[in-house]
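Chemist: The whole structure should be built from the sequences, with the hints applied where relevant.
There are 2 protein chains.
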Amino acid sequence: MKKRLFTPGPTPIPESVMLTMAEPIIHHRNPEFVEILTSVNQNLKYLFQTKNEVLTLTSSGTGAMEATVANLLSAGDKAIFVNLGKFGERWGEIMKAYGVEPVEIKVEWGTAPSPELILDALQKNPGVKAVFITHSETSTGVFTNIKEIAAAVHEKYDIAVVVDGITSVGAHEMRFDEWGLDVIVTGSQKGLMVPPGLAFAALSDRAKKMLETSKFPKYYFSFKKALKAHAGNDTPFTPAITLIIGLEKALRMIKEETVESIWLKHKVLSQAVRSGCEAIGLKLFGSPASHAVTAVNIPEGVEYSKFNKILKQKYGITTAGGQEHLKGKIFRVSHLGYYDEVDIVGVVAALEWTLHDLNFKFEPGSGVTAVQQTFAKFAEETAGVVK
Amino acid sequence: MKKRLFTPGPTPIPESVMLTMAEPIIHHRNPEFVEILTSVNQNLKYLFQTKNEVLTLTSSGTGAMEATVANLLSAGDKAIFVNLGKFGERWGEIMKAYGVEPVEIKVEWGTAPSPELILDALQKNPGVKAVFITHSETSTGVFTNIKEIAAAVHEKYDIAVVVDGITSVGAHEMRFDEWGLDVIVTGSQKGLMVPPGLAFAALSDRAKKMLETSKFPKYYFSFKKALKAHAGNDTPFTPAITLIIGLEKALRMIKEETVESIWLKHKVLSQAVRSGCEAIGLKLFGSPASHAVTAVNIPEGVEYSKFNKILKQKYGITTAGGQEHLKGKIFRVSHLGYYDEVDIVGVVAALEWTLHDLNFKFEPGSGVTAVQQTFAKFAEETAGVVK
Numbered sequence: 018m019k020k021r022l023f024t025p026g027p028t029p030i031p032e033s034v035m036l037t038m039a040e041p042i043i044h045h046r047n048p049e050f051v052e053i054l055t056s057v058n059q060n061l062k063y064l065f066q067t068k069n070e071v072l073t074l075t076s077s078g079t080g081a082m083e084a085t086v087a088n089l090l091s092a093g094d095k096a097i098f099v100n101l102g103k104f105g106e107r108w109g110e111i112m113k114a115y116g117v118e119p120v121e122i123k124v125e126w127g128t129a130p131s132p133e134l135i136l137d138a139l140q141k142n143p144g145v146k147a148v149f150i151t152h153s154e155t156s157t158g159v160f161t162n163i164k165e166i167a168a169a170v171h172e173k174y175d176i177a178v179v180v181d182g183i184t185s186v187g188a189h190e191m192r193f194d195e196w197g198l199d200v201i202v203t204g205s206q207k208g209l210m211v212p213p214g215l216a217f218a219a220l221s222d223r224a225k226k227m228l229e230t231s232k233f234p235k236y237y238f239s240f241k242k243a244l245k246a247h248a249g250n251d252t253p254f255t256p257a258i259t260l261i262i263g264l265e266k267a268l269r270m271i272k273e274e275t276v277e278s279i280w281l282k283h284k285v286l287s288q289a290v291r292s293g294c295e296a297i298g299l300k301l302f303g304s305p306a307s308h309a310v311t312a313v314n315i316p317e318g319v320e321y322s323k324f325n326k327i328l329k330q331k332y333g334i335t336t337a338g339g340q341e342h343l344k345g346k347i348f349r350v351s352h353l354g355y356y357d358e359v360d361i362v363g364v365v366a367a368l369e370w371t372l373h374d375l376n377f378k379f380e381p382g383s384g385v386t387a388v389q390q391t392f393a394k395f396a397e398e399t400a401g402v403v404k
Numbered sequence: 018m019k020k021r022l023f024t025p026g027p028t029p030i031p032e033s034v035m036l037t038m039a040e041p042i043i044h045h046r047n048p049e050f051v052e053i054l055t056s057v058n059q060n061l062k063y064l065f066q067t068k069n070e071v072l073t074l075t076s077s078g079t080g081a082m083e084a085t086v087a088n089l090l091s092a093g094d095k096a097i098f099v100n101l102g103k104f105g106e107r108w109g110e111i112m113k114a115y116g117v118e119p120v121e122i123k124v125e126w127g128t129a130p131s132p133e134l135i136l137d138a139l140q141k142n143p144g145v146k147a148v149f150i151t152h153s154e155t156s157t158g159v160f161t162n163i164k165e166i167a168a169a170v171h172e173k174y175d176i177a178v179v180v181d182g183i184t185s186v187g188a189h190e191m192r193f194d195e196w197g198l199d200v201i202v203t204g205s206q207k208g209l210m211v212p213p214g215l216a217f218a219a220l221s222d223r224a225k226k227m228l229e230t231s232k233f234p235k236y237y238f239s240f241k242k243a244l245k246a247h248a249g250n251d252t253p254f255t256p257a258i259t260l261i262i263g264l265e266k267a268l269r270m271i272k273e274e275t276v277e278s279i280w281l282k283h284k285v286l287s288q289a290v291r292s293g294c295e296a297i298g299l300k301l302f303g304s305p306a307s308h309a310v311t312a313v314n315i316p317e318g319v320e321y322s323k324f325n326k327i328l329k330q331k332y333g334i335t336t337a338g339g340q341e342h343l344k345g346k347i348f349r350v351s352h353l354g355y356y357d358e359v360d361i362v363g364v365v366a367a368l369e370w371t372l373h374d375l376n377f378k379f380e381p382g383s384g385v386t387a388v389q390q391t392f393a394k395f396a397e398e399t400a401g402v403v404k
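In order, the protein sequences belong to chains A and B.
Whatever position you read off the first sequence (first residue = 1), add 17 for the numbering used here.
Whatever position you read off the second sequence (first residue = 1), add 17 for the numbering used here.
Treat the hints loosely; a few may be bogus.
[What the hints assert, rightly or not] Some but not every residue of chain B turned toward chain A, in silico, with C-beta under 8 Å:
id, residue
1, Asn-47
2, Glu-110
3, Phe-233
4, Lys-235
5, Pro-256
6, Ile-258
Since the hints were made in silico from the structure, they are not lab data.
Note that beta-carbon positions come from the ideal geometry of N, C-alpha and C, so glycine has one too.
Modeler: If you want it as structure tokens, here you go:
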């Protein structure tokens with residue numbers, strides 16, 4: 018059976034990227050690799066829409082989240098984080114592990130914070146050094162308007178706005194410099210279409226200034242060491258060479274397609290999945306919707322474990338379930354990275370077949386028809402893009 | 018031109034391992050991956066000769082070194098490290114970054130510490146919590162007898178013996194439980210024949226007890242989180258999936274060959290390289306010799322940069338140069354991991370051609386003849402092993 022992955026990380030890897038990584042390994046101090054890393058560094062700046070350095074770490078995305086806390090803050094510092102799902106919550110967990118005083122803004126999982134909510138917390142908690150937010154909350158499929166939040170915060174406060182962009186970079190419009198973001202982190206196994214093992218962090222000048230005062234112990238995750246090496250297109254420690262070689266190819270694909278096209282593609286694919294699910298009679302979970310992952314409520318009378326088993330074992334499709342208290346209540350379909358229209362028609366068709374097998378009542382074909390209609394609606398805008 | 022890597026990390030990857038990693042990616046929560054991780058966990062125990070867990074981290078080897086300091090110690094603790102080269106020195110750098118009080122034993126680069134030296138430092142510095150040593154010092158090609166040191170330390174002190182085994186695991190005899198080691202760390206791109214991006218740490222019961230009292234902040238590198246996940250053949254964060262899939266295959270190759278055979282193979286290949294170099298008239302650097310990497314003095318009248326250029330550009334062989342004050346003074350030939358007799362004959366032949374091109378005086382053929390003689394000397398012992 019053909020197996021297809023619709024999970025928000027790992028995401029599918031282009032075949033050409035996989036094969037590049039299977040070539041004989043080269044040494045990371047060889048001129049050949051330095052050239053690859055130079056290209057990676059340049060194209061990461063393009064992807065992140067920044068003139069500043071984008072650091073590449075060998076770790077998962079969480080490593081880059083921790084590195085941000087460890088490099089910008091010190092014990093006893095106060096920082097805001099928004100608990101809007103499992104990954105927003107993680108900022109708080111890292112802060113607690115480090116002895117940062119966390120100011121938690123808890124919103125219902127499935128919703129996103131408004132700029133006003135952040136400003137209110139800032140007003141009530143003087144002395145906050147940074148605000149930690151989540152661009153695309155993977156656990157709930159919810160999008161946060163980081164552009165508005167960064168603008169609102171920076172209008173009144175000279176503090177850092179730190180963004181978890183792990184499932185947003187490459188999916189959602191993100192203009193690091195123009196929007197005045199201070200840090201955004203992501204991982205390789207997401208919109209970057211590479212296997213897991215690399216993490217990235219872009220730093221603003223404000224963030225770089227904060228490195229000077231941070232007192233937390235760090236060595237492997239030191240941004241200062243990484244910046245110093247970056248200046249020579251080098252890394253302070255042996256990097257995950259093969260993954261960087263794959264990344265170089267993936268970033269060139271992104272550059273060729275242009276980020277604007279890729280952002281639009283994710284918007285269209287996301288709307289197609291949502292329209293398909295709604296046409297079948299499924300209720301979407303959470304709003305506003307992330308363009309990277311769609312969270313859908315498991316309908317009344319359908320047991321998640323059976324649904325998931327049929328979808329995976331009979332139709333070869335792996336999606337993600339709910340996490341924490343959402344376990345068994347939602348499923349999540351990813352359309353982040355290397356996906357196109359055909360994939361989306363396919364996954365919605367498989368959802369139809371699975372729900373039909375489970376005696377869920379709906380009009381067969383309604384899902385895929387809605388998907389087609391969405392593509393038709395965007396046809397002019399996406400000419401030559403989504404296809 | 019065929020290119021051949023003789024560097025102590027990255028080391029060559031078996032073709033079958035590379036191709037396995039190029040297969041379509043699978044999700045790390047899929048039963049298929051859990052099975053792979055279960056096999057990895059079991060075979061790592063075999064490789065490390067321990068009944069305890071061997072943790073797998075997504076980072077370079079330095080990440081595992083830092084994790085060991087961060088998980089076992091607290092600020093103000095006293096610890097001994099041996100500065101016998103660039104990597105021994107790194108233990109001290111990490112300690113300083115963490116505010117551990119380092120007791121430095123500096124030995125001349127190219128030599129190894131004796132048990133007496135360590136005992137002497139312990140006697141002079143009461144209250145030391147751990148001794149950090151280096152099994153195979155990659156920068157100088159020197160071997161430290163960790164078995165004797167661990168025995169000597171533990172005879173008198175109930176403290177941790179922590180070993181950098183980055184270029185020794187899979188090359189040198191190492192019996193974690195039997196020798197009473199407390200932590201040994203390594204990286205994937207060394208004896209394990211996998212690309213860089215994974216690091217490993219084995220922990221004794223004594224080390225695990227120390228996790229309870231350590232006060233350093235940590236999250237991504239938390240051994241407690243890793244141990245908890247390990248119990249379910251899981252990882253706390255998305256691991257470098259493709260590298261673990263490659264590792265599973267590489268570990269099965271090691272298991273099939275047996276660790277004893279692999280240790281013997283590295284000993285023989287190492288002696289062959291050394292005998293070949295000496296027969297050409299080169300002087301070996303450092304002693305006792307690591308079986309993973311051979312350090313050789315650049316002879317009088319030969320310029321390292323020219324030597325390296327010819328070796329690499331004319332004969333396709335990449336070796337490593339000297340580091341820090343040894344830059345330009347030595348070169349290092351690695352025979353760690355996926356090498357056999359033919360590789361060794363080849364690299365010594367290329368050394369002969371390069372030195373001949375540089376007008377170095379020696380008997381042509383003397384190097385490869387000595388290599389052959391070494392293999393002949395071990396023929397009985399290695400029957401079916403080195404070939």
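Chemist: Could you check if B:Lys-235 really has its C-beta closer than 8 Å to a C-beta on chain A?
Modeler: 7 Å, holds
Chemist: Would the hint on B:Pro-256 stand, with a C-beta cut-off of 8 Å toward chain A?
Modeler: 7 Å, holds
Chemist: If you take the shortest Cβ to Cβ gap from B:Glu-110 to chain A, is it below 8 Å?
Modeler: 7 Å, holds
Chemist: When the nearest CB of chain A is found for B:Asn-47, is that gap smaller than 8 Å?
Modeler: 7 Å, holds
Chemist: Tell me if the interface restraint on B:Phe-233 is satisfied: Cβ within less than 8 Å of some Cβ in chain A.
Modeler: 6 Å, holds
Chemist: With chain A as the partner, please determine if B:Ile-258 meets the hint condition of a C-beta pair closer than 8 Å.
Modeler: Status holds, d = 5 Å.
Consistency note: the structure conflicts with none of the earlier hints.
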